[in-house]
Amino acid sequence: ETGVTQTPRHLVMGMTNKKSLKCEQHLGHNAMYWYKQSAKKPLELMFVYNFKEQTENNSVPSRFSPECPNSSHLFLHLHTLQPEDSALYLCASSQWRGGAPGELFFGEGSRLTVL
Amino acid sequence: AQSVTQPDIHITVSEGASLELRCNYSYGATPYLFWYVQSPGQGLQLLLKYFSGDTLVQGIKGFEAEFKRSQSSFNLRKPSVHWSDAAEYFCAVGARGGGNKLTFGTGTQLKVEL
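In the order they appear, the protein sequences are chains F and E. Residue numbers are given in our numbering: position 79 of the first sequence equals residue 79, and the series is strictly consecutive. Position in the second sequence counted from 1, then plus 1000, gives you our numbering.
Calculated directly from the structure, the hints in this document are not laboratory data. Take the hints with a grain of salt, since some may be wrong.
Listed next, the in silico DSSO-like pairs over lysine-lysine satisfying Cα-Cα at most 30 Å (straight line) [what the hints assert, rightly or not]:
no. : chain 1 : residue 1 : chain 2 : residue 2
1   : E       : K1111     : E       : K1049
2   : F       : K36       : E       : K1061
3   : F       : K19       : F       : K40
4   : E       : K1068     : F       : K22
5   : F       : K41       : E       : K1111
6   : F       : K40       : E       : K1068
7   : E       : K1111     : F       : K36
8   : E       : K1061     : E       : K1111
Ranges between beta-carbon positions, derived for each pair [stated by the list, open to error]:
no. : chain 1 : residue 1 : chain 2 : residue 2 : range
9   : E       : D1008     : F       : A100      : 25 to 33 Å
10  : F       : S38       : E       : D1008     : 18 to 26 Å
11  : E       : A1029     : F       : R97       : 34 to 42 Å
12  : E       : E1113     : F       : G99       : 37 to 45 Å
13  : F       : P69       : E       : R1022     : 19 to 27 Å
14  : F       : A100      : E       : T1005     : 33 to 41 Å
15  : E       : G1099     : F       : P61       : 31 to 39 Å
16  : E       : A1029     : F       : K22       : 33 to 41 Å
17  : E       : R1022     : F       : T5        : 27 to 35 Å
Residues from chain E that face chain F, not an exhaustive set, calculated with beta carbons under 7 Å [unchecked claim]:
no. : residue
18  : Q1042
19  : G1043
20  : N1100
The beta-carbon is built from N, C-alpha and C at its ideal position, and this holds for glycine as well.
From just these sequences and the hints, can you work out the full model?
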């Protein structure tokens, strides 16, 4: 396994379901991110984790709950979602050294559909 | 707050023609600028980046971009487009002191006619 791996690639869930998205990076990076990509909108940064600590929560609704148990794994727990939450959720990682932002390495995304 | 504008939502070019994708940013200090490409069903891949120094930067797949501070622009160019370049292209900006966050534009969808 190389790079950033996201599972599942596709997910359909009802508004009352609970599901989780998983991200794993094999690059030895110390920072991980969740982005939301909706049609015709810029990528929206949701959460940032540096050295397993959450350093950014971009006013994300509480129905999205991130978890970062170690520097290689990142989860996004989903519950009581709304249809407007349907989107492509992208995980990324980078090596953060302070100063300039580093290159982001993205996974292929998890396509979420909320019915 | 920093922002990025990509004025062109869609662009169509013929294979072999030259390409220029526009990107304008808004930020008070020296920005860190990136171009990413996303093929269908894929994540984003870095094409090139500008941090400082030479304002003309070279990237992968034959792409280059020029930083013009006076115009707050970072346009992406390629002299001869290949059909495999059809994808969506995103400009992004980051800032020293802004942490490791990037702000992305809305993207430009490139179609290549054979």
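Each hint, compared with the structure:
With a C-alpha separation of about 23 Å, the suggested pair K1111(E) and K1049(E) falls inside the 30 Å cut-off, and the hint holds. The hinted pair formed by K36(F) and K1061(E) meets the criterion: a straight-line CA distance of about 27 Å does not exceed 30 Å. Proposed proximity of K19(F) and K40(F) is supported: the alpha carbons are some 26 Å apart, at most 30 Å. Proposed proximity of K1068(E) and K22(F) is contradicted: the alpha carbons are some 40 Å apart, above 30 Å.
Between K41(F) and K1111(E), the direct Cα distance comes to roughly 19 Å. Compliance with the 30 Å bound is thereby established for this hinted pair. The suggested pairing of K40(F) with K1068(E) holds, with an alpha-carbon distance near 26 Å, which does not exceed 30 Å. With a C-alpha separation of about 24 Å, the suggested pairing of K1111(E) with K36(F) holds against the 30 Å cut-off. Our distance criterion of 30 Å between C-alpha atoms is met by K1061(E) and K1111(E), whose separation comes to about 16 Å.
Distance hint for D1008(E) and A100(F): a CB-CB separation of about 28 Å, consistent with the stated range 25 to 33 Å. A beta carbon spacing of about 19 Å between S38(F) and D1008(E) agrees with the range 18 to 26 Å that was offered as a hint. For the pair A1029(E) and R97(F), the beta carbons lie near 19 Å from each other, so the given range of 34 to 42 Å is not met. Judged by the Cβ atoms, the range 37 to 45 Å given for E1113(E) and G99(F) holds: they are separated by roughly 43 Å.
Between P69(F) and R1022(E) the Cβ separation comes to about 42 Å, which falls outside the hinted range of 19 to 27 Å. A hinted range of 33 to 41 Å is violated for the C-beta pair A100(F) and T1005(E), which are about 22 Å apart. At about 22 Å, the beta-carbon gap between G1099(E) and P61(F) misses the expected band of 31 to 39 Å. Under the hint 33 to 41 Å, the C-beta atoms of A1029(E) and K22(F), about 37 Å apart, fit the expected range.
Range check, R1022(E) to T5(F): about 34 Å between beta-carbon atoms, so the 27 to 35 Å window is met. Hint on Q1042(E) holds. Least Cβ distance to chain F is approximately 6 Å, under the 7 Å limit. Residue-level restraint check for G1043(E) holds (minimum Cβ-Cβ distance to chain F is 3 Å; threshold 7 Å). Taken as an interface hint, N1100(E) checks out: its beta carbon lies about 5 Å from the nearest beta carbon of chain F, inside 7 Å.
Against the hints set out earlier in the document, violations occur for numbers 4, 11, 13, 14, 15.
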